[in-house]
Every structure is written in C-alpha cells, then in structure tokens.
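Given the sequences, and given the hints that come with them, work out the whole structure.
So for the sequence shown, my numbering puts the first residue at 11; every next one is plus one.
Misleading hints may appear alongside valid ones.
[To be verified] Okay, derived cross-link-like pairs now, SDA-like style, lysine to any residue, Cα gap no bigger than 25 Å in a straight line:
| id | residue 1 | residue 2 |
| --- | --- | --- |
| 1 | K432 | Q381 |
| 2 | K379 | R433 |
| 3 | K214 | L156 |
| 4 | K428 | R383 |
| 5 | K154 | K214 |
| 6 | K440 | L483 |
| 7 | K494 | T479 |
| 8 | K80 | T282 |
| 9 | K106 | K215 |
| 10 | K378 | L360 |
| 11 | K44 | N128 |
| 12 | K44 | T341 |
| 13 | K432 | L292 |
| 14 | K154 | Q275 |
| 15 | K494 | F297 |
| 16 | K440 | L455 |
| 17 | K215 | D86 |
| 18 | K300 | T479 |
| 19 | K334 | L28 |
| 20 | K44 | N178 |
| 21 | K44 | L156 |
[As the list claims (entries may be wrong)] The following label-pair restraints were derived from C-beta to C-beta distances:
| id | residue 1 | residue 2 | range |
| --- | --- | --- | --- |
| 22 | T479 | F443 | 17 to 25 Å |
| 23 | L461 | F32 | 22 to 30 Å |
| 24 | K428 | G501 | 23 to 31 Å |
By construction, these hints were calculated from the structure, which means they are not laboratory data. Glycine included, C-beta positions come from ideal geometry on N, C-alpha and C.
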Amino acid sequence: MKGRRSFYNILLGLISLLITIFFNLIIPRLFILKLGSEVNGFMSSITQIFIYLMLLEAGVGEATIQALYKPLTVDDKESLNGILSATSRYYNKTGKFYLLTVVIISILYPIITKSQINSVTISLVILFTGVVGVINYFLQAKFKLLLIAEGKTYIITTANLVVNTLSNITKIVLLLLNFNILIIQISYFIISFLQMFLIWIYIKKHYKWIDLKVKPDYSAISQKNSVLVHQISGMVFYNTDVLILTFFCGFAVVSVYTMYNLIFQMISSVITNISSGVIFVLGSSYFEDKEKFLDLYNSFESYYMSIVFALSTISYILILPFMKLYTAGITDVNYIDTLLPTMFAILNLLSYVRMPGVYSINIAGHFKKTQYRSIFESVINIIVSLICVNFFGIYGVLIGSITALLYRTNDIILYTSKQIIKRNSLITYKKCFINIAILFIIVFLVSKFNLSIESYSEFLIIGSLLLITVIPLFFISMAALDIKSFNYCIGFSKKYLNKLRNK
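Right, here's the structure in full:
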C-alpha cells in the first residue's frame, strides 16, 4: 500500500510538474509582453505576501501531520478524530485573523509601495487573491493534512492539477484578449472553488468516520508554537528577498529576480514531487522500525542529493541561453546577467542538500529543540540582506540568503547526524563534496564547447542530451560511493515490483 501511494504521489506529481512548467514558461512572458515587467513583479510580490499569511496555518499544520503519523500506523480513529478536532478548532479561531489581515493588506499595500499600477486595482487584486486562501483555510486545510500524513498527496495534486490547468488556460486567453490584471484575478477566484469541491467530494466518500465534534486532543498538537517558529523563520528566509527588493529596488527588479528564481523553482518542484512519495514512508517507518528508518533515510539522502546536483548542474548550464531566448524582444528591463546564475545555483544547492535533515527533524518532532537555530538563520538573512541591498541591489539579497544558508545548512547536517540519525556527519559531507566535484567537472567540460543556442529546438536537443548524460553520471558516482544504499534501493525496487506482479 505504501509503495503504491508513493508511486501515485510521484507519478501524479511529475505529470502536474510538466504541465506547471509548460504554463510557467508561457504565462510570465505573456504578462511581461502584454502588461509589462512591473505588473509581473507586482504579482510575484503579492504571492510572497500570501505565503507569509500561511503562517497562521503553518505551525499547527506541520504539528498535526507529525501527530497523525503514529495513529495512522495502527488505524486508531479515535485518536485521529481527536487530533483533527483540535486542528479544526484552531483553524476556526485563527481564520478570522486571516480574513482581517487580507483586508488590511489590500488597503495598505497600494499606499506603501511605489507603482504606476492603479491603487484600486492593486487593492482588489490582493483581495480576490486572499479570499481564496481564507475560504480554503476555514473549510479544507485540516483534511489536506490528513491526506498528506496518509500518503495521499496525489489526491490534492490531482485536484490542483485540474484547477490550475483551467485557471492557466483562462489566464492565457484573457491576456491574449488584452484584459487587465483584475479580470484575470477574478477568473482565478471563481475557478479556485472547483478545487475545494473536488477534495470535499473525496473526503465525504472515503472518510465517513471523521467526526470533528469529538473532544479535541490539544496535547497532540502541543508543539504547534515551536513548529510555528520554524515556519516563520522558514517563510522569512525564503521570501524576504522579493519583499526587500520590492521596497528598495522596485517591481521591475523583482521581475528579474523572479524570472531567474522561476527556473530553479522548477527544480524544486521536481525534487518536492519525488520526495513527497517517500516522506510519509519515512514518517511511518520512524515509529514502526528505527533500523528500517535509518536504512531508508541513508538511501533517500544519497539519491536525493544525486538528483538535486544533477538538475542544478543542467539548469546552471542552460539558464542564460534560455533567458536570452525567453526575453528576446523585451526591452523595459535587462534580464541577462552572467553573475545571477552562479548566485542562484549556490543558494539553491545549499537549500536542497539540507532537506533530508529537515524532514528527519520534522518526523522526529524536534521542533522545540531546534527553533532558536532557525530564528538565527532568519536574523542573519534579514540583517545581511538589508545592509547589502543598498550597496549591491539584487546581488545584496542573494548574498544575505547565501550567508544564512552557510550557517543553517551545516547546523542541520550536524544536528541530524548527532541527535536523530546517530552517525558521523562526515558521511553527509562526503556525499556533498563528491557531487560538488562532479558538478565542477561537468561545467568545465561543457564550457569548452562554447554552447550557442539560437532556437528553442536547439535548446530542447541540448537539454535532452544533458539529461541523459548528466543524471546517470551523478547516480553512478553515488552508487560507487555508497554501495549499501544502492543495494537497498535495488532490493526495495524488486520487492515493490514483485508486489505489483502478484496483484
């Protein structure tokens, strides 16, 4: 069952990712061409704002998922209802603040930002965007947590896929017909209700045992405040750059930042979709069999790093040729910058290599023990970014993020190795250094060919060649370095395939 759910999560995740990448390549360019870089930057900035608003949910969300793992392994519906009841009451209590905050932001944002966009339009776009999150917060957030903990992320992915496809097609049509940003956002508001309806239907059909009126088990989510600290610091870290650039450099610079970040976010989506198929297995195995958990974690870490470095290498090689093709004809701001690919690659690699450790901290419930380390990371990021943005602009915020990551990534590796995995941290560092060496070798060899890509067809051909050569190279190198994990993966795959044949 777990293997099948992992397969569904990965398969649906990858299908969703391919469709998302397709739309992500079309829509930003259309926004820039039809409405300008400033509107594109504005939309990116309000996206970051609503990511911050998700903090109201973040603490209890992660705490609930962690609390659900154990009762799900023994099918303890009484405990599950108690946890969900406590979570539901928390959401009902804080949802009012969510709505109030959306209204306040919609009023204040056009006042505190400098833009040529009409103030009323800015307010209404923010309002229509935010209300979708409010409704989802009240009605469905708790049920999504249950699906995630049970390994049914593919249900959420499917519903999102249907809605996002319809929403993006509508955006493209409206942009081509020269409608303004407000009409486009109203269409998103209307279509978003379909996603809520689809998940509601699934919950009603498959979870008839859910009873939110039972006595709430607040003790099960008692770590929500410590989790919230982690989530706040994480949100601050990953989304501060855009907000600082918004206030110090303007929407046009934000547009440049988000275009480069978009490429690496596609990698993040691939990695997240793949890892989502494994995380819930890690979560349940931690409470079932610690030895099994350690073997699974070590194998997951090894090949997670391989795919991270492989995709980052390919993206680093292709990002500038792609940007030259993608922004051809756009003259309101210069999108070609030879230093940004290097800085974004460093930032994202430092973010990715620590994720297995982050997952293990979450699964083990070490939220309170590590909360102050997370706060320190955010403080470093904000202080360094605010200082450097005045001197280096867009490079300044990236310097702030990289500085904070150098501290926290090493901290997570050391903490996880000592407190949870109980092994020498040099094992993780060894994997990192091997992958870094391979990255440098590949980039050096490719640079000797002096790639000149003049069309999208050439881009696809070269990209495909890199995929079929670079990814196997990283995987083979990791297999040679960690033969135990290789054998574990082979055995796991054979076991899963045999189960499929016997069905």
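For each hint, the structure was consulted:
Under the criterion of a C-alpha separation no larger than 25 Å, the hint pairing K432 with Q381 is consistent with the structure, at around 20 Å. Restraint check for K379 and R433: satisfied, since their Cα atoms lie roughly 19 Å apart, inside the 25 Å limit. Pair hint K214 plus L156 holds up; C-alpha atoms about 13 Å apart against a cutoff of 25 Å. With a CA separation close to 15 Å, the supplied pair K428 and R383 stays within the 25 Å bound.
Of the supplied pair hints, the one linking K154 and K214 holds, its CA atoms being roughly 13 Å apart against a limit of 25 Å. About 17 Å separates the Cα atoms of K440 and L483, which keeps this hinted pair within 25 Å; it holds. Proposed proximity of K494 and T479 is supported: the alpha carbons are some 24 Å apart, at most 25 Å. Note on K80 and T282: the hinted pairing holds, with a Cα-Cα distance of about 23 Å set against a maximum of 25 Å.
Simply put, K106 and K215 have alpha-carbon atoms about 29 Å apart, too far for the 25 Å limit, and the pair is violated. A hinted pair counts as satisfied when its Cα atoms are at most 25 Å apart, and K378 with L360 qualifies at roughly 23 Å. Proposed proximity of K44 and N128 is supported: the alpha carbons are some 16 Å apart, at most 25 Å. The suggested pairing of K44 with T341 holds, with an alpha-carbon distance near 13 Å, which does not exceed 25 Å.
Taking the CA atoms of K432 and L292, the gap is about 16 Å. The hint holds against a cut of 25 Å. Distance hint between K154 and Q275 is fulfilled; the C-alpha atoms sit about 23 Å from each other, no more than 25 Å. Of the pairs offered as hints, the one joining K494 and F297 holds, with about 23 Å between alpha carbons and a cut-off of 25 Å not exceeded. For the hint linking K440 to L455, the alpha-carbon distance of about 23 Å falls within 25 Å, and the restraint holds.
Among the hinted pairs, K215 with D86 is consistent with the structure: their alpha-carbon atoms are about 19 Å apart, no more than 25 Å. Taking the CA atoms of K300 and T479, the gap is about 36 Å. The hint is violated against a cut of 25 Å. Simply put, K334 and L28 have alpha-carbon atoms about 22 Å apart, close enough for the 25 Å limit, and the pair holds. The suggested pairing of K44 with N178 holds, with an alpha-carbon distance near 15 Å, which does not exceed 25 Å.
Restraint check for K44 and L156: the C-alpha separation of about 41 Å exceeds 25 Å, so the hint is violated. Separation of T479 from F443 is about 22 Å and conforms to the stated range, judged on CB atoms against 17 to 25 Å. Taking 22 to 30 Å as the suggested C-beta distance range, the pair L461 and F32 conforms, at roughly 24 Å. Distance hint for K428 and G501: a CB-CB separation of about 28 Å, consistent with the stated range 23 to 31 Å.
In summary, the structure is inconsistent with hints 9, 18, 21 from the numbered list given earlier, while agreeing with the others.
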